[in-house]
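Asks: Chain by chain, the residues:
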Amino acid sequence: MRQSAAPILSARALCVDFKLEQGWVRAVDSVSFDVRRGEVLGIVGESGSGKSQILMAAMGLTAANGRCSGSVTFEGEEVLNAAPERLDRIRGSSMSMIFQDPMTSLNPYMRVVDQLTEVLVAHQGKSRAEAIDIAVEMLDRVRIPDARRRISLYPHEFSGGMRQRVMIAMALLCRPALLFADEPTTALDVTVQAQILDLLNGLVRELNAAVVIVTHDLGVIARLCDRVIVLYGGRIMEEAPIEQLFGAPHHPYSQGLLAATPRLDDDTAHDLRTIPGTPRALAGQASGCPFAPRCERRMERCMAETPLLRGEHGRTAACHLVAG
Amino acid sequence: MSGTLLSVRDLKVHFPIGRGFLTAAKSAVKAVDGISFDLERGETLGIVGESGCGKSTLGRAILRLTKPTAGNVVWLGRDFFGLDNASLRQARRELQIIFQDPLASLDPRMTVGAIIARPLKTFHPELKKAEMDTRVKEAMAQVGLVPEMMRRYPHEFSGGQCQRIGIARAMILKPKLIVCDEPVSALDVSIQAQIINLLRKLQRELGLSLLFISHNLSVVRHISHRVMVLYLGKIMEIAERDAFYANPMHPYSKALLSAIPLPDPKAERARERVMLQGDLPSPLNPPAGCRFCTRCPMATDLCHSSEPPLAPRADGRLVACHFV
Ligand SMILES: Nc1ncnc2c1ncn2[C@@H]1O[C@H](COP(=O)(O)OP(=O)(O)OP(=O)(O)O)[C@@H](O)[C@H]1O
Ligand SMILES: Nc1ncnc2c1ncn2[C@@H]1O[C@H](COP(=O)(O)OP(=O)(O)OP(=O)(O)O)[C@@H](O)[C@H]1O
Ligand code: SF4
Ligand code: SF4
Ligand SMILES: [Mg+2]
Ligand SMILES: [Mg+2]
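Sequence order for the protein chains is H and C.
Counting in this note's numbering, the first sequence runs from 1 upward without gaps.
Counting in this note's numbering, the second sequence runs from 1001 upward without gaps.
Chain H with its partners taken away, still in its complex shape:
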């Protein structure tokens, strides 16, 4: 793996807050990380823990009732809260995103062909015929059967997994240097999933690109990623190279996640293991460890004192049980 020294993306103390009726709530709480070219970073964590909002903030797509603070730099340039024109330029050429919900990036009233060729015609000066050829080739690569014919359909005429692949094709058309992929393979069966993961891997190798992938599927993480961040309640609980995370997770939440993963060889007569307690409504700024209400190893100190992220060389954890 060719990893260059300077990160292509750096987040420092990134916070995302949303205004609700009852006031501001924090969805992402002081998150910092780096990604380098040639590297695949995975983000895992509870539903609602802020994974998508980290990506949205970096893309400049935070909802209108939200605000971001801290810093996110892309190739050294600050992009957090940057001017829309600057973001448009970066998003159209070097940074793109596969959204969690296909319909957020596909227009239901427009044929797929027009959506895919728009960028190529408008920003890259291709003729319509050329653009269609490029788009069809990309649809072939994401394994849409009969692409040349189907490209003229509307999104609702595709199956769930095909819509997801159309969106993947759209994100890859500009050959991005940095790709955010939010649950890119949830709607795909395992055989197509394997092909898409190979395609993403190819992107990393061919273009020396970087990928940040959010997924609940630890199998996908195991297959694709170099490093993982584990998020809970908007904060990073642990960061580790994948072998270490799967081999010896430090944080009690990471341990719980691994234990709750269904395997092909475990006993089906019993219920699956879960992490006891209810997930948090929204990350708050209350003091103490965010995982404390659900942690089986909680100590008195955990409720009062927020554990800091400690460790080095990309192996960190935020837990009072883990020595720095």
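Simulated from the structure, these hints should not be mistaken for laboratory data.
Glycine included, C-beta positions come from ideal geometry on N, C-alpha and C.
Do not rely on the hints blindly, as some may be mistaken.
[Unchecked claim] Here are some chain C residues pointing at chain H (derived, C-beta under 10 Å):
hint, residue
1, 1102
2, 1185
3, 1216
4, 1219
[What the hints assert, rightly or not] Heads up, simulated DSBU-like pairs for lysine-lysine below, C-alpha to C-alpha not over 30 Å straight-line:
hint, chain 1, residue 1, chain 2, residue 2
5, C, 1176, C, 1121
6, C, 1067, H, 19
7, C, 1201, C, 1174
8, C, 1137, H, 19
9, C, 1067, C, 1121
10, C, 1201, C, 1129
Got chain H sorted already, so can you dock chain C with the ligands onto it with the hints?
Replies: Just chain C with the ligands now, kept in the frame of chain H:
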């Protein structure tokens, strides 16, 4: 388990497509092409298969949300497709669906509390407001949503939270059958485990039946009594759960099981995989003979000319292959 709840016979759903980009010829996507099976009370049938093979269409057609082209469905001994509007309405309260695309299935102008209460309001208008609220809060708690979220709107939720709203809505009437279309794909493993355990509990206590569509074969293994494998709109294999996982017989079933990503990076990287060769054939023009012949490692001349029937095997399972 006692008694048949649902019988599906030779169900077909064909979507005409006539607006080829360069062609004028009329043809049809045979999304579901002659599917028959029975579902017992209290049984879970897992439905797996390649993206685009017709799983969602099958589920929707059974519930009359998509118009079937041919075939019939018997629900509790009555011809379901022949029901008049009043009887259909009555049957609907016992037949619910969890949609594949969570956000798109939630009305953006309604609060989450109102969305979940909707079926109750429709079928139990006599319930008092306080009772209704209690039931809604109970349903929310079961899927790991805190009651304070009742007054928020769908776009303020994360992907997995939206999926859980859809699950709560489907369960609130305690139906007899739920068609679950990728119900846990956007959930982290802990909540996924919680939902699977909950569905199993409802099944034990209320005799709930499930058609459980999922790409996650480990999850399917945990919840299903039987597994049905579809390929291009047809059944390739339908077998008891344990027999299926221990010894998948159809070559396509074998390929599917070997493509499952394992939550273990070492095993994952060392692993030999039966990767399927070739591209997905077009459902507009499925291969002659066996539908799987273009990608099957065992295919012979016979497979290209004659279609194998879905025939019973020694252990009672049905398999559509000449060489099993
Ligand atoms: N526009 C908004 N207004 C208010 N709250 C929001 C808004 N968008 C997101 N949130 C909240 O921010 C939190 C983080 O959301 P995010 O979408 O990042 O979760 P996630 O980790 O991606 O979860 P999932 O795995 O379910 O997709 C959630 O609790 C969500 O309800
Ligand atoms: N309204 C429609 N018009 C035309 N074709 C359709 C329509 N809905 C579905 N199809 C086609 O029917 C086939 C089956 O679609 P379906 O949504 O049932 O697949 P699926 O098995 O659920 O796939 P996935 O796993 O990707 O969700 C696909 O080829 C799809 O393109
Ligand atoms: S800091 Fe305390 S509560 Fe938090 S994870 Fe560690 S032991 Fe558990
Ligand atoms: S009938 Fe032939 S092509 Fe079809 S699955 Fe069996 S061996 Fe393969
Ligand atoms: Mg998300
Ligand atoms: Mg589907």
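Asks: Quick one: which hint numbers does this structure break? Sort them smallest to largest.
Replies: 6
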